[in-house]
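Peer 1: Note that the numbering used here gives residue 199 to position 199 of the sequence shown, counting from 1, and the numbers run on in steps of one.
Note that these hints are calculated values from the structure, not bench results. Keep in mind the model is a prediction, meaning the values are calculated, not measured. Do not take every clue at face value.
[Claimed, not checked] In silico PhoX-like pairs for lysine-lysine, Cα to Cα no more than 20 Å straight-line: (1) LYS258 - LYS268; (2) LYS213 - LYS285; (3) LYS153 - LYS213.
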Amino acid sequence: MKIAIASGKGGTGKTFVSTNLFYSALSQGVTVCIADCDAEEPNVSQCISSNIVAQDSIHSMIPIINTNNCVYCGLCAEYCNYNAIVCLPQQSYIHLVEALCHSCGACLYACKYNAIQESSKLLGTISTSKVNNADVIEGRTEVGVFSPVPIIKKTIAKTDSYALSLLDSPPGISCPFIATVSNADAVLLVTEPTPFGLHDLQLSVETLREISKPFKVIINKSGLGNQDVYNWLQQEHIECIAQIPFDTNIAKIYSQGKILVQESEEYKELFASIVTNIMNPDIWK
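Using the sequences and the accompanying hints, generate a full structural model.
Peer 2: Okay, here's the thing in structure tokens:
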């Protein structure tokens, strides 16, 4: 089962929740992996000490236009669904906007004058590390690459063979978020009881309902802020499966780079119950 741990707002604690769920599942003997899908700013490796055992480079095709062969017919620009090619026939001008190119190859198919060739561009890397025979998979986009989505998809593709795959999602609700949650079986939304937390939770819920993806909510830092999040969840009939209190001891443990479930018996039991809960297919129906 693939569970995406997501939140609209950055800083609500989704990586904190993901890493503790990972260690909790590991201690229960679950065949588990955690995948860092925040490919533009991965940080799971800062919370989990592990040894890299494999690393794959991910490339994409980028067209190179040979202006010596080009007749500026504009057919390649017509075939491009992403408006990545600008062609001005009267000015004998053609230009590829790399940031818009999706490497679909339509321009290669369209060109009848051998004016377009393939070139390879490094998009990023996917690293696999080991922790007690469990896998930590990290997608990392190269600096300057326009979209992390191809890296995210390749990262998630490596999580197929586990009883539980935890997908630590990117913040927000844009394309990287969609690429992550759409490949998950269900989503855990981590929120906080603040106005910003509620606002972005509402956006996330609206998005997940639009794509018909089952979800539950975890409230982190409960006891902070006001009751608006709780009232809204009740109004929308959304189940909150756990609350993690606003506790300075949690902050102290986390700031020292330690894992909460390994330091506190109380929270070990809390996260163990969450793991049992989310692995039950019936709660997602």
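Peer 1: Look at each hint and say if it fits the structure.
Peer 2: Status of the hints after comparison with the structure:
For the hint linking LYS258 to LYS268, the alpha-carbon distance of about 13 Å falls within 20 Å, and the restraint holds. The straight-line distance between the Cα atoms of LYS213 and LYS285 is roughly 10 Å, inside the 20 Å bound, and the hint therefore holds. Note on LYS153 and LYS213: the hinted pairing holds, with a Cα-Cα distance of about 17 Å set against a maximum of 20 Å.
The structure fails none of the hints (numbered hints given earlier).
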